[in-house]
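S.K.: Make the full structure from the sequences, and use the hints.
There are 2 protein chains.
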Amino acid sequence: MKKLINSPKDVVRESVEGFVAAHTQVEAQYDPIVVHRSEPKAHGKVGLVSGGGSGHEPLHAGYVGSGMLDAAVPGPVFTSPTPDPILAAAKLADHGAGVVFIVKNYTGDVLNFDTAAELAEFEDIEVRQVIVNDDVAVEDSLYTAGRRGVAGTVLVEKLAGAAAERGDSLDQVVEVAEKAVANVRSMGVALSACTVPHVGKPSFDLEDDEVEIGIGIHGEPGRKRIPMSSADSITDQLLDPILADMNLQASDRVIALVNGMGGTPSSELYIVYRRLAQRLEDLNIHIARGLVGNFVTSLEMQGASLTLMKVDDAMLELFDAPYDTPMKGL
Amino acid sequence: MKKLINSPKDVVRESVEGFVAAHTQVEAQYDPIVVHRSEPKAHGKVGLVSGGGSGHEPLHAGYVGSGMLDAAVPGPVFTSPTPDPILAAAKLADHGAGVVFIVKNYTGDVLNFDTAAELAEFEDIEVRQVIVNDDVAVEDSLYTAGRRGVAGTVLVEKLAGAAAERGDSLDQVVEVAEKAVANVRSMGVALSACTVPHVGKPSFDLEDDEVEIGIGIHGEPGRKRIPMSSADSITDQLLDPILADMNLQASDRVIALVNGMGGTPSSELYIVYRRLAQRLEDLNIHIARGLVGNFVTSLEMQGASLTLMKVDDAMLELFDAPYDTPMKGL
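From first to last, the protein sequence lines stand for chains A and B.
Per UniProt numbering, residue 1 is the first one in the first sequence, and the count goes up by one each step.
Per UniProt numbering, residue 1 is the first one in the second sequence, and the count goes up by one each step.
Keep in mind that the hints were calculated from the coordinates and are not lab data.
Some hints could be false.
Same chains, same names: a pair is fine if it fits in one copy or spans any two.
What the hints assert, rightly or not - Below, in silico cross-link-like pairs of lysine to aspartate or glutamate (DMTMM-like), each with a Cα-Cα straight-line distance of 20 Å or less:
{"id": "1", "residue 1": "Lys-224", "residue 2": "Asp-240"}
{"id": "2", "residue 1": "Lys-2", "residue 2": "Glu-210"}
{"id": "3", "residue 1": "Lys-2", "residue 2": "Asp-205"}
{"id": "4", "residue 1": "Lys-2", "residue 2": "Asp-209"}
M.R.: Structure (structure tokens):
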């Protein structure tokens, strides 16, 4: 295993230390580890918290800042954070108007955020939870009952964050987030595995000429393994299940996201985007906003995911609202 | 070779097609391939052109837009563009006040940009050239007489682009760019090689426990191969030669860039940044602006480079000037 780390046990902490040193929008507390906004609390604003296992950067800490999250909880690599840091994040995010947890649908995350929500209620913080489950690849999975939460999470965080920033109530922010979840679908492909630092070997094996369609962001199994084929063919095999699930109509508008898994050259992501744009144009579905880049990764995995979110004017207004977070490009 | 491409011969063109489909700031012409701003020409503004072999995205096309480049020339992967597309870019970038070419110091690039400059002069476009040679690793290299141009190029493009945008004259833009070049130094490390699509196999071999210090952005040889060691030790081995070359004094200010080579998880880049920030703090050198991310890549290579640019108030004002390009985060 070759990684630019000092020790597997220090990866998350040292990475967070570097992260807050580089970005003025964020600060961190370390026992337990929580990343939060450096700006003063905005009285009466709904707080927004997300988190999960590390290794998916810039998710979630990269999205902490004005217009998006108030705090993010980076768990151990590919492992849910325990309730303690989530509770600490809720306290940091609480501006007196309640807190929304945005939770990717993995069993450990759901359980621990749920426990943290109960603990927060004991401390008079009203907490509501929104579960993101945008991955159409599989119904249940290795770590999940129901569909997994993947790259669509970023779009949910953007819309809910903008709603909270403009002063929406707790109910209204939850409504925005749930509408975003209801309208977002994703699916991914892996060309190679990634190596979790404390494991020290690749999380699965793929043959030299094989890719896995429907991969999860922790390398958990997808739909099928197929021989390597063209970018256009692979794009189609990700897009078709998404379209089959969404019931999009001609003249519908979408936000289209081609997400890199961490180790994919951006030129390849744009070749995927090219095919996606052609396909949607043929269907007379309008890409209102197009995003290409590493938004939700799996360490150094090579591969990509497609995400489509059906949007209306109200959602686009939230997507376009100003934000200032370490990660740019939304 | 597993890549999300359709055919090696179509990689650059299809990637550019996806790129301009995703980003409203840019358009492309295809015969020959040039990426240019979509906004109307600004009469009297100095034009700024850069380019080079593809495979280093987002360099250069990602930096086309208001406040940075007017046009970028993506050559074949890791291969200099010929004079024709460079001349075409000069014409697109010419707003009547002359054009500056920003050229990374590789023999092919220097030769072809030079020829294009001569051809442009025949068409009454005044062209000036600035050569970037920020890599302290080696004096001459596989494709270079003198030092190579690497990630510092982005900072040169940002400062020169801001100067052109505010209405500086041709002489003034060249002066800004040359001052930027004089104050920027870089050095990189590779943990793994990358594969050029039309070659189909990795561009060099590294043992499982070996890294190459001083690597070039095309995988050309660096200073030495060493056993894999800690992120802190490797960071020191990149930083020390940079510091030895720069003659920084206590209380000097720098822009510090930790650049990913394409396949490196961002968590690792932040661990490198952490060490860099600690070392500079110990020397009482102030990081005025910190950047961490994939700014100048080598396809899917795993590794990183450090760049320091010594800055004064005038340079920081240019660095902070607004810009709107497909790549964000400067």
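S.K.: Hints first: check each against the structure and report whether it holds.
M.R.: We went through each hint and held it up to the structure:
For a Cα distance limit of 20 Å, the shortest separation of Lys-224 from Asp-240 inside one copy, 15 Å, qualifies, whereas the shortest one across copies, 48 Å, does not. Taking CA atoms no more than 20 Å apart as the test, Lys-2 paired with Glu-210 passes between copies only; the shortest distance there is 8 Å, against 23 Å inside one copy. For the homomeric pair Lys-2 and Asp-205, the shortest alpha-carbon distances inside one copy (17 Å) and between copies (14 Å) are both at most 20 Å. In this assembly of identical chains, Lys-2 and Asp-209 lie within 20 Å of each other by CA distance solely across copies; the values are 7 Å between and 23 Å within a copy.
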